[in-house]
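Residue numbers (the working numbering), protein chains in the order written: chain V, 22 to 748; chain X, 22 to 748.
Don't read these hints as lab results, they were simulated from the structure. In this text, all values refer to a predicted model and were calculated from it rather than measured experimentally. Possibly wrong hints are sitting among the right ones.
Note that the list lumps identical chains together, so a pair holds whenever it fits in one copy or between two copies.
Stated by the list, open to error - Result set (DSSO-like, lysine-lysine): computed pairs, CA atoms no more than 27 Å apart in a straight line:
no. : residue 1 : residue 2
1   : Lys604    : Lys702
2   : Lys703    : Lys615
3   : Lys326    : Lys615
4   : Lys702    : Lys540
5   : Lys326    : Lys702
Number of protein chains: 2
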Amino acid sequence: MERDRMDITLIIPIAGLVGLAFAGYLTWYVFRKDLGTPEMQEIGDAIRQGAMAFMKRQYTTIIVISIILAGLIAALIDPKPWVGLSFMVGAGASAASGYIGMYVSVRSNIRTAAAARRTLNEALVTSFRGGAVSGMGVVSLSLLGVAGVFYIFNTGMDFAISESLDAAIGFAFGASFAALFAQLGGGIYTKAADVGADLVGKIEAGIPEDDPRNPAVIADLVGDNVGDCAGRGADLFESTAAENIGAMVLGLSLFTFWTEFVPVGMRWSESDALVWIFFPLVARSFGIFASLVGILAVRLTKEDKDPMSGINMGYYITCLLAAAFFFVATKYMFGDEWQYFFGAGLIGIFLSIVIVYITQYYTSGSWRPVREIAQASTTGPATNIITGLSIAMETTAMPVIAIIVALLGSFGLGQMAAPPEADTTYRLIYGFYGTAVATMGMLATCAFILATDTFGPITDNAGGIIEMSKQPENIRRRTDRLDACGNTTKALTKGYAMASAALAAFLLFGAYFERVYMKLHEKHPTDPTITLASVFQVDIAQPDVFVGGLLGAMLVFLFASLAIRAVGKAAHAMINEVRRQFKADPGIMERTSKPDYARCVDIATKGALKAMVLPALLPVLVPVSFGIIMNALGYNAPQAVGALLMIGTIAGIMVANMFNNGGGAWDNGKKYIEAGAYGGKKTPAHAAAVVGDTVGDPLKDTAGPSIHVLVKLLSTVTLVFVALFVS
Amino acid sequence: MERDRMDITLIIPIAGLVGLAFAGYLTWYVFRKDLGTPEMQEIGDAIRQGAMAFMKRQYTTIIVISIILAGLIAALIDPKPWVGLSFMVGAGASAASGYIGMYVSVRSNIRTAAAARRTLNEALVTSFRGGAVSGMGVVSLSLLGVAGVFYIFNTGMDFAISESLDAAIGFAFGASFAALFAQLGGGIYTKAADVGADLVGKIEAGIPEDDPRNPAVIADLVGDNVGDCAGRGADLFESTAAENIGAMVLGLSLFTFWTEFVPVGMRWSESDALVWIFFPLVARSFGIFASLVGILAVRLTKEDKDPMSGINMGYYITCLLAAAFFFVATKYMFGDEWQYFFGAGLIGIFLSIVIVYITQYYTSGSWRPVREIAQASTTGPATNIITGLSIAMETTAMPVIAIIVALLGSFGLGQMAAPPEADTTYRLIYGFYGTAVATMGMLATCAFILATDTFGPITDNAGGIIEMSKQPENIRRRTDRLDACGNTTKALTKGYAMASAALAAFLLFGAYFERVYMKLHEKHPTDPTITLASVFQVDIAQPDVFVGGLLGAMLVFLFASLAIRAVGKAAHAMINEVRRQFKADPGIMERTSKPDYARCVDIATKGALKAMVLPALLPVLVPVSFGIIMNALGYNAPQAVGALLMIGTIAGIMVANMFNNGGGAWDNGKKYIEAGAYGGKKTPAHAAAVVGDTVGDPLKDTAGPSIHVLVKLLSTVTLVFVALFVS
């Protein structure tokens, strides 16, 4: 019985490999589909080339900066030089995740367009499975990466568990770091192109979306891929990696507790106690199987049904299976207290469903918020923006309340699982672990959710290809329906990502404190005042700690400012270029000559690459230099950095929610008018709504998702550099 | 020597009475000026009647709600029923402050317009002294009110110091509560009218600002008075009251320390130790004298000089005198450690100057931020908004860094002043007291700053009266110059108000902890675990405390959302009404018939009154019910509420800075174009800039200033209701 508990960890490599094999199967499934007409292929080729060219240049920049940083880490951070090395591996794996997602998505778009000529169901299945390659690939790679790095150091090189986790933290940091660049660069690219294409094309020239006469149209379609597929793929890769490792670090505390501090008679064997460290990976492994079934279940039973119903069916199947698997995993691994952790896992699964509903309320045309924005558009762009900002700020309320309930609930359940031997501090860690289990519950459906996210840009692209290659109206209607559905799923996944980040906050804070304790203990092995209890606190009543919080909140605002400005600047250049082309060659509007697509692609590429560097470095430089300075000045640097991390996280949750949901509401406010409200298209109300949609674009697709990565990066950067803040 | 220290407190009633007398003199000075032409008087009368009618209806609502709340407080909070009573007195005094400011400003506007027919200097002096009535009145009333309430309870009714302060806290809460209504109601009114007048008048009908053909023009001019004069007057009244009382509560801790815990030989006499409690009031008293001289010094030496130079001269004189008086007060009262507190006071004075410069950088047309917004306007309203949002978020960075330095500096100086007998906790309180002294330094110039703030709407109104009564161009140019100067000063005072709120944060947090300790000690007088040290902490590593912070941040966002939406809704109604009038009576545009001004005034009034109630109740209901629920559930309610207060304050600082400075930048981006950049007026760039200005209006004049009051209200509400959170 004793040895059994860890046997289940065998599932980790199996799930990782099955996930990769399944991604391979999906790729094969999509790639054998036909490529449509030569016109369609020509457009598809242009998108693919633009996207691949951007990826190449973007990752060249990322790799150069990563190598420099890896060198610094290797020089400064113990165990040298392994943290630097695993940082590079993490950055590389994150890049690979983005690349795989993109590789498949720029090939699925054309096949989805071709399938749309036949049936809606075939188009849905093609695009969804294309998206699922990314979802499965990312989650499997992250699982194998984290487990692999830990295994190599712990078993292969015989490092202690703590040191192996230090190295694994380097992996998570590398993943976050590369992801922030990818999400920022991709996000700036996509929105600069989108804003530029829309403002001149739709508003000034009066041509429809995705019209081939628009010089920025290819850049816009490329942008969907580099922003939503590659950027989001890297983002979710780093999220899962960071959360897995954070949970393992927390688990290490409980491992230590059960192997060292519990009275001898009750003590767990070392192997048994390892479940605390490995449960997160096991939970993720089961999540891969649940998502696999859910992805296969996505289909339309009838041609005239809403494609969203097919996706919802798959999602609910995934949730149910995840709950069932959680039952198995917790019962197998946690012994008598399994029901508390099972409960925490259910809270996580349930929170993900609640967030989906809240997001729909705020971003779908069926309810008050979007309709208020549409109504405000009748009095012009200014009232549209004012109302939209108000809705955007309101959207923070309900998710925060849901998160508060989920946090307190899973924390309380975790504490209940603590044995009587646990003192206050260990009860606290048990509680933190409860929130970690809830996070794992929420993330069990991650592969599925990521599939729905990447599905969005594939359908968007397919619609563009159909429009540009002048396919018949009924085919266009099919891709339009898929596209509307993709807009909803994109909003949902952003809400999901942010809520899971909030739920994961405590897990990562806990990991941070655990590391602070380890580093302090290493420096002062005999000091009896250094206890877990004395380290596990962030007392913002102390001014030096409070100012860390002030700085953390400010960092989020400054970062958002830089991300938004980058889009504004690049869009400004794009608008001027499109205007120039229309003016220089009147033949473009008369369809007698072709616009210069490549030039717009180039402007978006350059704008994105130049603008992504400063905001991406900020969340590394600020916490590290703040920690070093506070430490040098004799202040309580570990707590001050902790406050920066925690209050930065709170600010990030607020601003990202505001941006993601607000942007979605603006977008659908415009769609609501386009569907016929207030006179429909070509009215002043519609023009006002387009302004709102355009303003929302950089918020929801550049700054919002980037803040999600930023919050995670704050955690991993403080975890990696913690040794520099303690003395 | 011993008795001397408190002798200086005699200055408190003297300064209060001198301040009131000086306000009386200024009123006499302004009122004896002539009223201009009959046309001018007709317009002035319409503004005055609209403003007074709104005030009457607004304060009827406020009084009814305040009486209900006072009853609840009297029933629930000790010492009953005195806290409820002093709450009513505070609310009444706040209302009186707003009323006085308004009474004078709606009579100064016409006199400024009349003076502008003669010289710019006379117009400047008239409008500035009109504004100074409000500044002096508010600061003097607040000083007399706080000192009076404390004196009546402490000396008159023989309450203990702690109980007297409890009652005085009720006064501060009443003032905050009424101020939030006044600022919200006035802010919604002014911006609904402004947005409505601008969007239809300037953009759709193409008529200039303040054109008499615009039906909303009188409502717009009324709005300047009820929002900027009455609202801001009530706001600053409550700020000074809350900060004075918070500092006195902190002082009580040091009083207790010196009279009880210091070894007998070194102990201060009770009278001597009272300086800790009374220093804040003494510092404010000296500030009144400094401001008095500064106000008299405002004048123009040459007719062609920038009016801003005259105001700056007065400001620097006030700062220098304040520094000198601080030297006297600290040296007289604090004995051997005076230099540390003098240093802290200088930090406060210096911070106010730094904030003024930062605000000018972000909101004046001479630097990058405003110019970027103007440039982005050339590609339309969407890029204008995107760039403006980016600038708005960027503006949080520099003030936060300045505040961090000032906080740590004044805290450190305060700690240095602590005698060796002070343990860690008392050293902490000494540090808090250092930030309180810095706050007093910053607020020493408060009366002057408030004068420059109220000066803004007076000149704005004067310009409107000149325009509407068709005075010659050269006179209009004079009021335009004053108006531009007023826009700058309005932005500066908002930056000043927010920075002082941030600096005051610790003083108010400290007061909160002190009250928590007192209440716990009252409930468990013999429990040795209840110490100041155990109470003076907010450990956000505890999830129940952390969720309080999450809730506090959310509260700020939700509040901002409600405030902005109220403006959007009322503006929407206003736009429809103005459009209706233009359509129903074409004679309005041809100047053959007069528009129906009263109807627009009525729409703004109703919109403001209806919309102000929910957002104003939110910051009372949320913290109190959260505290009660957390306490009932057995969580650490005092700390959780503390986190709500502290992280709510951080979020408030961010959002208010973003709104105030962003709105100012949008406003001046438009003005920059109007001054000739990018083709000047009547270009698409100008139309785009008007959209940005309009979006910024509710941010900078409704939500931003209201958040300032909200932050203070969170402090006073938690101070008053603290007994309900402890068990």
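Violated hints, by number in ascending order, as checked against the structure: 3, 4
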